[in-house]
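As given, the protein sequences belong to chains A and B, one line each in that order.
Position in the first sequence counted from 1, then plus 66, gives you the numbering used here.
Position in the second sequence counted from 1, then plus 66, gives you the numbering used here.
Be aware that one or more of the hints could be misleading.
The list cannot tell twin chains apart, which means a pair is met if one copy fits it or any two copies do.
Said to hold, decoys possible - Computed cross-link-like contacts, DMTMM-like style, restricted to lysine to aspartate or glutamate with a CA-CA straight-line distance of at most 20 Å: (1) Lys-259 to Glu-490; (2) Lys-355 to Glu-245; (3) Lys-355 to Asp-420; (4) Lys-309 to Asp-409; (5) Lys-416 to Asp-255; (6) Lys-355 to Asp-424; (7) Lys-238 to Glu-220.
Note that these hints are calculated values from the structure, not bench results.
There are 2 protein chains.
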Amino acid sequence: MSSEIIHVLGAGLVGPLMAIYLARKGFQVNLLERRPDMRQTGVSGGRSINLAITARGWKSLEEVGLKEAVSAISIPMKGRMVHDIEGNTSLQPYSQNPGEVIYAASRGLLNIMLLNEAEKYPNIRVVFDRRCTSFDPDKNRLTLQDETGEHTEEIETKTVIAADGAWSAVRKEMLARVENFNYSQSFLDYGYKELVIPPDAQGQFQMEPHALHIWPRKRYMMIALPNTEGSFTVTLFYPYEGKDSFAQLRTREAVAEFFNQVFPDAVPLMPTLQEDFFANPTGALVTVKCSPWHIDGKSLLIGDAAHAIVPFFAQGMNSGFEDCAMLNSLITDSHPDWGTVFDTFTRLRKPNADAIADMAVENFIEMRDSVTDPHFLLKKQVGFELEKRWPGKFIPRYSMVVFRPDIPYADAKQRGSLQDDILEQLCADITSPEEVDWALAERLLLGAEPVPV
Amino acid sequence: MSSEIIHVLGAGLVGPLMAIYLARKGFQVNLLERRPDMRQTGVSGGRSINLAITARGWKSLEEVGLKEAVSAISIPMKGRMVHDIEGNTSLQPYSQNPGEVIYAASRGLLNIMLLNEAEKYPNIRVVFDRRCTSFDPDKNRLTLQDETGEHTEEIETKTVIAADGAWSAVRKEMLARVENFNYSQSFLDYGYKELVIPPDAQGQFQMEPHALHIWPRKRYMMIALPNTEGSFTVTLFYPYEGKDSFAQLRTREAVAEFFNQVFPDAVPLMPTLQEDFFANPTGALVTVKCSPWHIDGKSLLIGDAAHAIVPFFAQGMNSGFEDCAMLNSLITDSHPDWGTVFDTFTRLRKPNADAIADMAVENFIEMRDSVTDPHFLLKKQVGFELEKRWPGKFIPRYSMVVFRPDIPYADAKQRGSLQDDILEQLCADITSPEEVDWALAERLLLGAEPVPV
Numbered sequence: 067m068s069s070e071i072i073h074v075l076g077a078g079l080v081g082p083l084m085a086i087y088l089a090r091k092g093f094q095v096n097l098l099e100r101r102p103d104m105r106q107t108g109v110s111g112g113r114s115i116n117l118a119i120t121a122r123g124w125k126s127l128e129e130v131g132l133k134e135a136v137s138a139i140s141i142p143m144k145g146r147m148v149h150d151i152e153g154n155t156s157l158q159p160y161s162q163n164p165g166e167v168i169y170a171a172s173r174g175l176l177n178i179m180l181l182n183e184a185e186k187y188p189n190i191r192v193v194f195d196r197r198c199t200s201f202d203p204d205k206n207r208l209t210l211q212d213e214t215g216e217h218t219e220e221i222e223t224k225t226v227i228a229a230d231g232a233w234s235a236v237r238k239e240m241l242a243r244v245e246n247f248n249y250s251q252s253f254l255d256y257g258y259k260e261l262v263i264p265p266d267a268q269g270q271f272q273m274e275p276h277a278l279h280i281w282p283r284k285r286y287m288m289i290a291l292p293n294t295e296g297s298f299t300v301t302l303f304y305p306y307e308g309k310d311s312f313a314q315l316r317t318r319e320a321v322a323e324f325f326n327q328v329f330p331d332a333v334p335l336m337p338t339l340q341e342d343f344f345a346n347p348t349g350a351l352v353t354v355k356c357s358p359w360h361i362d363g364k365s366l367l368i369g370d371a372a373h374a375i376v377p378f379f380a381q382g383m384n385s386g387f388e389d390c391a392m393l394n395s396l397i398t399d400s401h402p403d404w405g406t407v408f409d410t411f412t413r414l415r416k417p418n419a420d421a422i423a424d425m426a427v428e429n430f431i432e433m434r435d436s437v438t439d440p441h442f443l444l445k446k447q448v449g450f451e452l453e454k455r456w457p458g459k460f461i462p463r464y465s466m467v468v469f470r471p472d473i474p475y476a477d478a479k480q481r482g483s484l485q486d487d488i489l490e491q492l493c494a495d496i497t498s499p500e501e502v503d504w505a506l507a508e509r510l511l512l513g514a515e516p517v518p519v
Numbered sequence: 067m068s069s070e071i072i073h074v075l076g077a078g079l080v081g082p083l084m085a086i087y088l089a090r091k092g093f094q095v096n097l098l099e100r101r102p103d104m105r106q107t108g109v110s111g112g113r114s115i116n117l118a119i120t121a122r123g124w125k126s127l128e129e130v131g132l133k134e135a136v137s138a139i140s141i142p143m144k145g146r147m148v149h150d151i152e153g154n155t156s157l158q159p160y161s162q163n164p165g166e167v168i169y170a171a172s173r174g175l176l177n178i179m180l181l182n183e184a185e186k187y188p189n190i191r192v193v194f195d196r197r198c199t200s201f202d203p204d205k206n207r208l209t210l211q212d213e214t215g216e217h218t219e220e221i222e223t224k225t226v227i228a229a230d231g232a233w234s235a236v237r238k239e240m241l242a243r244v245e246n247f248n249y250s251q252s253f254l255d256y257g258y259k260e261l262v263i264p265p266d267a268q269g270q271f272q273m274e275p276h277a278l279h280i281w282p283r284k285r286y287m288m289i290a291l292p293n294t295e296g297s298f299t300v301t302l303f304y305p306y307e308g309k310d311s312f313a314q315l316r317t318r319e320a321v322a323e324f325f326n327q328v329f330p331d332a333v334p335l336m337p338t339l340q341e342d343f344f345a346n347p348t349g350a351l352v353t354v355k356c357s358p359w360h361i362d363g364k365s366l367l368i369g370d371a372a373h374a375i376v377p378f379f380a381q382g383m384n385s386g387f388e389d390c391a392m393l394n395s396l397i398t399d400s401h402p403d404w405g406t407v408f409d410t411f412t413r414l415r416k417p418n419a420d421a422i423a424d425m426a427v428e429n430f431i432e433m434r435d436s437v438t439d440p441h442f443l444l445k446k447q448v449g450f451e452l453e454k455r456w457p458g459k460f461i462p463r464y465s466m467v468v469f470r471p472d473i474p475y476a477d478a479k480q481r482g483s484l485q486d487d488i489l490e491q492l493c494a495d496i497t498s499p500e501e502v503d504w505a506l507a508e509r510l511l512l513g514a515e516p517v518p519v
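Taking the hints into account, I'd like the entire structure generated from these sequences.
Dropping the structure here:
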């Protein structure tokens, strides 16, 4: 395969990983990124976004030999640390099984590590400051422009893999060109604002580092994830409009009053709250779905370009990394028939992408509201008990999505819904796990329709 | 209001009607159409598409004084004439109430009538061959181009109403410009092909004219609507791909064999079947949803531009005409505050547009499959009986959508779903209406949650 050139668009997280997979197969890879090199310019806008790596992501990182290096820059989080309005905290573990934790990592550090790794491969060429402005599949022609817009370049290419993110240039072309292209972009009525809890004077974490902190407030919430240098990246998810909304927070005084009222324990930890609030933009939360994902076996969308999702299941990057692993294995099976590779990828992957998109939207309600609901917590406890008593027969939905890469997202969703029916039946008239009718539980679990694992 | 100029985009069916409503209020209206004048060029491509006018459409036509004139070019259809594979036919009436029928009309004739009417108003100026290429709401600037693309014109305008169809130029601008614009375009896996049953040698109809003919074949169907000059416009709705699909009908022989096999009674009536099949394009079936529908009270989408739907409930034009009536009445209430007019329109109308979009997709299954299902037919009969015994308490869903403009689409959908639950209960274990437990029916109907009418 070594003479075949593949153009990968986007040097965010997914693009470099895909480039590495392809390079390991012997392809010549051109990795094109519209922004300048973040290793020279610093992370854009000084924002220290972080994210959670879960099992699906680790599986891909391991396949390309990066698991150990990435582990060194990530922090295990064993559960949700829920902060109530009085500042009391309680830990809700993600799992009862040892080792089932998720890992916080800095998006910027991870990106740099992937870029550095990509550049170690002699058959990967990374080019920055090249924006794709069009792709013409009839002429196999990719048009690129530099940031100034002054220089335009046309490249002949037979195979393009577009990992160019939620606002993908290639997908935009498909919307304009491809007949009967199914497309949806759907925004939540919420925006997000990134804030920070810095390290203390001794450079130490000001809160428990091994947890994902949540301040659930029913209609909205704030969260915080630890960074290796002792800080937390904080994110407020809040309605754009209405009574409690960004539209009401127009002054420093209004911001101070709001935070003091609803997140009183966090305020003393956030010395730059008001500055950050007005310096940082309000981000949008979008779900993008589309089909088909490819044009005639010539260009394929992967990652956010194919399926942008909201962040509430921490599966944006993880699902993108899983895309790379799956595509890699389909190339092994069917290369050089790219039509079959891309068709099969779309057919197998699309239902799973749709499933995680929907579950991610649902999980917002779980995080901002349900985690304080006694009935929800009871069901969680009973779920753990079912998992313990009938291992393999019951796996909490969260665990299937986050810790079980062997279970496709669509199966996790379907099985999760059947399991939830069982939990509802078992918990309908009780208030503690001790009251569960375990004989009924067994009948329901073992008698349930066979579900895919 | 007389000095205020409003630009209406699109001189299809909805644009001219909206222009007439506005002219009757005293506005100066510029009605801009990208195509040349169809009265001079003939209907595009020689296609004789027709459509069904139902009560929502008539209500608007009556308000602008066009009911009588349009009646003269339309043909009442009192039910579905179902053709089985042996050529046997049976009529399924749309309603049991006198006068509740739908009306077939030629799209071209209706369009010409609306254009002629619009031009009677001295304060409407109709300009053809003007394609909107952009609308800049910040500068209140509409850019227009003629068909050759050689002449570009910029117009200052404060108020644009875009009735420019399913592929609206203004909506395209909104997709590119408006932050957090929610948008979806969703295609059925089916295409449609228009064909024709001409009049016989004496110029007479070759089938019953006062019916909508259906050849339901489970996964697909063919329909026919009468035209005033004695012909029928025939439409085949058929999958694009797969075993039974357009992809398989590549030769005249294949087409002849297919039609002889599944529509044997229609073939002798269609002398130009094979020519038409290959001369006419295969059309797509798309549902478009979006929000918001307006930019800052400056431009508003109406009709297909705001909510393109599939044709299976015959509500595309009818819902567009209803848009015009509602917008007209909101202008009466709130003009000159266009922000309030457009906001209120979007808020009140969007849930109804979504409801008819979903019901139209559902109705495809009813037309191609359910109409041959004994259980479906039993429920229809029982529904008519419930309507007779408890008038006002039970109204068949079809009737609510098609004959009751006083019931918004969303209410029809919600109420239809509750009624369907009742019908399912009443018809679960019976095979004829005589077996219905009418005491149970009364309890269910009168005990049902209060539903909006």
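Original post:
For the identical chains here, do Lys-355 and Asp-420 meet the 20 Å Cα criterion within one copy, between copies, both, or neither?
Top reply: Answer is both; intra-copy 7 Å and inter-copy 19 Å each pass.
Subject >> 20 Å Cα threshold - placement of Glu-245 relative to Lys-355 >> reply: Answer is both: 16 Å inside a copy and 18 Å across each meet the 20 Å cutoff.
**OP:** Since the copies are identical, ignore which copy is meant and state whether Lys-309 and Asp-409 lie within 20 Å (CA to CA) inside a copy, between copies, both or neither.
**Re:** Between. Shortest inter-copy distance 18 Å satisfies the 20 Å Cα cut-off; intra-copy 47 Å does not.
**OP:** Since the copies are identical, ignore which copy is meant and state whether Lys-238 and Glu-220 lie within 20 Å (CA to CA) inside a copy, between copies, both or neither.
**Re:** within (18 Å within a copy, 27 Å between copies)
**OP:** Please work out whether the CA atoms of Lys-416 and Asp-255 approach to 20 Å or closer within one copy, between two copies, in both situations, or in neither?
**Re:** Classified as between: cross-chain Cα gap 16 Å, same-chain 25 Å, threshold 20 Å.
**OP:** First find the shortest C-alpha distance between Lys-355 and Asp-424 inside one copy, then the shortest across copies, and answer within, between, both or neither for a cut-off of 20 Å.
**Re:** both (10 Å within a copy, 18 Å between copies)
Original post:
At most 20 Å between C-alpha atoms: does Lys-259 with Glu-490 qualify within a copy, between copies, both, or neither?
Top reply: neither (35 Å within a copy, 49 Å between copies)
The earlier numbered hint that this structure contradicts is number 1, and it is the only one.
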